[in-house]
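Trainee: Position chain V against the provided structure of chain X, taking the given hints into account.
Protein chains: 2
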Amino acid sequence: MNKMAAKASPFRTAEQRESERAAKREAVLLAAVRMFNQRGFHETSLDDVAASLGISKPLIYHYLGAKDEVLFECMRIGLEQLRAAASEGASLPGTGMDRLKRFLRRYGECIMDDFSRCVIRTGDEVLAPEIRPSFRALKAEIDQALRKLIEDAVADGSAKVADVKLTAFAFAGALNWTARWHEPGGRLQPAEIAAQMVEILTRGIMP
Amino acid sequence: MNKMAAKASPFRTAEQRESERAAKREAVLLAAVRMFNQRGFHETSLDDVAASLGISKPLIYHYLGAKDEVLFECMRIGLEQLRAAASEGASLPGTGMDRLKRFLRRYGECIMDDFSRCVIRTGDEVLAPEIRPSFRALKAEIDQALRKLIEDAVADGSAKVADVKLTAFAFAGALNWTARWHEPGGRLQPAEIAAQMVEILTRGIMP
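Chains as they are written, first to last, in the working numbering: chain X, 1 to 207; chain V, 1 to 207.
It is worth saying that the hints were derived from the structure and are not from the lab. Please read all numbers here as calculations on a predicted model, not as lab measurements. Be a bit skeptical, because a hint or two may be false.
Where chains are identical, the list cannot tell them apart; a pair therefore holds if satisfied intra-copy or between any two copies.
Derived SDA-like pairs (lysine to any residue); straight-line CA-CA distance at most 20 Å [as the list claims (entries may be wrong)]:
id, residue 1, residue 2
1, K67, I131
2, K7, A84
3, K160, R203
4, K7, G186
5, K165, A191
6, K160, E192
7, K148, S87
8, K139, E183
9, K165, P190
10, K139, Q38
11, K148, W181
12, K165, R180
13, K57, M35
14, K160, E199
15, K139, I77
16, K165, L188
17, K7, Q189
18, K165, E183
19, K165, W181
20, K160, M206
21, K160, E88
22, K57, G40
23, K139, G186
24, K57, D47
25, K139, M206
26, K148, V161
27, K67, G40
28, K165, E192
In isolation and in its complexed conformation, chain X is listed as follows (with noise of 0.2 Å):
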């Protein structure tokens, strides 16, 4: 074998160029996520979040954009978490309610994550008008997606509903709500407050 061929190259290939780039505008987007959980995103400046990273705030222009892109794309992200989670969860076989329940736990155990978190705390007000109707767009998805789950779980009978839509909201809203609350490093996990919640939630549409 050759000696110089076994000696690494120096220069990078695009391959590892371009997941350097996905690396580095990842943690710039977990950085700035935390932040605007912590501190809201009106109360968090780029500089910060550049600081935090030991970075300058232009290198975070140059992977996203200013901070309402920053936001938007944290957001996004979120929201497609809580979606991916969701329908993942309801996709098992088992009665409507078995389907129900696990699309709330997931959707639970989502929702106190960094990015799905971002969603529940920052009003839909902060975003430009433009990007609006989209994010309206997504969680009119899931909502649906939840809606259809609770009207299997009547349709098979293992579940008792009086307003499908009202009880999507209470179910989502309960646990939406963690997000506000929850502390990573709390005395409960995600995935236990999820579940508990879930079979407080769905005993009241038990036939």
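Mentor: Relative to chain X, chain V alone:
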């Protein structure tokens, strides 16, 4: 009767001036809280609030102070209303469950009102650090009252609860979240929404 005495004085009494001042202060607070709820605190300027009332911004300063003081006062009123409504609901006789249900119904109705809605829609982080503790204390008081009622219901056998704290958070969260989705003038009135939600929620802790 003397003709002069029968004619109303063009000068207002101290009492009249005080009551006019209170009415003006209230009108400013209501206009402000509605704008905060609709647009968000940071997106609202006192200029807009003043314009909506046909008065000048300095007049708002005169009655209430700067924008964060106006918000502070709106949130204080909202929390006081919530506390009063909830404890009124709990004061009537009945089983622990009866009193818990009334507490939650009154809490739920109140949360969809302008001032209490503002408490829910505004994160604590928006408040100045020196006034945050007094707000957290008021919120903790309401939370303690709710937990106490759940404990009473467990003690007299009218409820069965695995985790009192988590149950209180689930119930309050479901009701709090109405302040995010309920639009005044929607399909259901606040009292109906609160009543139906409380039935769904408390069915989950029936013994």
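Trainee: Against each hint, give a clear statement of whether it holds in the structure.
Mentor: A quick look at each hint next to the structure:
1. Proximity of K67 to I131 under the C-alpha cut-off of 20 Å is restricted to the intra-copy arrangement: shortest distance 14 Å within a copy versus 27 Å between copies.
2. Taking the closest pair of Cα atoms, K7 and A84 never come within 20 Å of each other, the shortest separation being 42 Å inside a single copy and 75 Å across copies.
3. Taking the closest pair of Cα atoms, K160 and R203 come within 20 Å of each other both inside a single copy (10 Å) and across two copies (12 Å).
4. In this assembly of identical chains, K7 and G186 lie within 20 Å of each other by CA distance neither inside one copy nor across copies; the values are 48 Å within and 70 Å between.
5. In the homo-oligomer, the alpha carbons of K165 and A191 lie at most 20 Å apart only across protomers (16 Å), although the nearest pairing inside one protomer, at 25 Å, exceeds that limit.
6. Taking the shortest Cα distances, K160 and E192 sit within 20 Å of each other only across copies (19 Å), while inside one copy they are farther apart (25 Å).
7. In this assembly of identical chains, the alpha carbons of K148 and S87 lie at most 20 Å apart only when taken from the same copy (11 Å versus 37 Å across copies).
8. Proximity of K139 to E183 under the C-alpha cut-off of 20 Å is restricted to the inter-copy arrangement: shortest distance 17 Å between copies versus 24 Å within a copy.
9. When the C-alpha separation of K165 and P190 is checked against a cutoff of 20 Å, the pair qualifies only between copies, where the shortest distance is 15 Å, while the shortest distance within a copy is 25 Å.
10. Proximity of K139 to Q38 under the C-alpha cut-off of 20 Å is restricted to the inter-copy arrangement: shortest distance 19 Å between copies versus 23 Å within a copy.
11. Only between protomers do K148 and W181 lie at most 20 Å apart by alpha-carbon distance; the minimum there is 19 Å, versus 28 Å within a single protomer.
12. For the homomeric pair K165 and R180, the shortest alpha-carbon distance between copies (15 Å) is at most 20 Å, but the shortest distance inside one copy (23 Å) is not.
13. Proximity of K57 to M35 under the C-alpha cut-off of 20 Å is restricted to the intra-copy arrangement: shortest distance 15 Å within a copy versus 33 Å between copies.
14. Taking the closest pair of Cα atoms, K160 and E199 come within 20 Å of each other both inside a single copy (15 Å) and across two copies (13 Å).
15. Proximity of K139 and I77 under a CA criterion of 20 Å is satisfied intra-copy only: 12 Å inside one chain copy versus 31 Å between copies.
16. For the identical chains of this complex, K165 and L188 are inter-copy neighbours only, at 11 Å across copies versus 30 Å inside a copy, given an alpha-carbon limit of 20 Å.
17. In this assembly of identical chains, K7 and Q189 lie within 20 Å of each other by CA distance neither inside one copy nor across copies; the values are 46 Å within and 73 Å between.
18. In this homomeric assembly, K165 and E183 come within 20 Å of each other (Cα to Cα) only across copies, at 14 Å, whereas the closest approach inside a single copy is 29 Å.
19. Taking the shortest alpha-carbon separations for K165 and W181, only the inter-copy value of 12 Å comes in at or below 20 Å, while the best intra-copy value is 25 Å.
20. Taking identical chains as interchangeable, the C-alpha atoms of K160 and M206 lie at most 20 Å apart whether they share a chain (6 Å) or sit on different chains (15 Å).
21. Taking the closest pair of Cα atoms, K160 and E88 never come within 20 Å of each other, the shortest separation being 24 Å inside a single copy and 32 Å across copies.
22. In the homo-oligomer, the alpha carbons of K57 and G40 lie at most 20 Å apart inside one protomer (19 Å), although the nearest pairing across protomers, at 27 Å, exceeds that limit.
23. For a Cα distance limit of 20 Å, the shortest separation of K139 from G186 across copies, 19 Å, qualifies, whereas the shortest one inside one copy, 28 Å, does not.
24. Taking the shortest Cα distances, K57 and D47 sit within 20 Å of each other inside one copy (6 Å), while across copies they are farther apart (32 Å).
25. Proximity of K139 to M206 under the C-alpha cut-off of 20 Å is found in neither arrangement, the shortest distances being 26 Å within a copy and 32 Å between copies.
26. In the homo-oligomer, the alpha carbons of K148 and V161 lie at most 20 Å apart inside one protomer (13 Å), although the nearest pairing across protomers, at 29 Å, exceeds that limit.
27. Taking the shortest Cα distances, K67 and G40 sit within 20 Å of each other both inside one copy (12 Å) and across copies (17 Å).
28. For the identical chains of this complex, K165 and E192 are inter-copy neighbours only, at 13 Å across copies versus 26 Å inside a copy, given an alpha-carbon limit of 20 Å.
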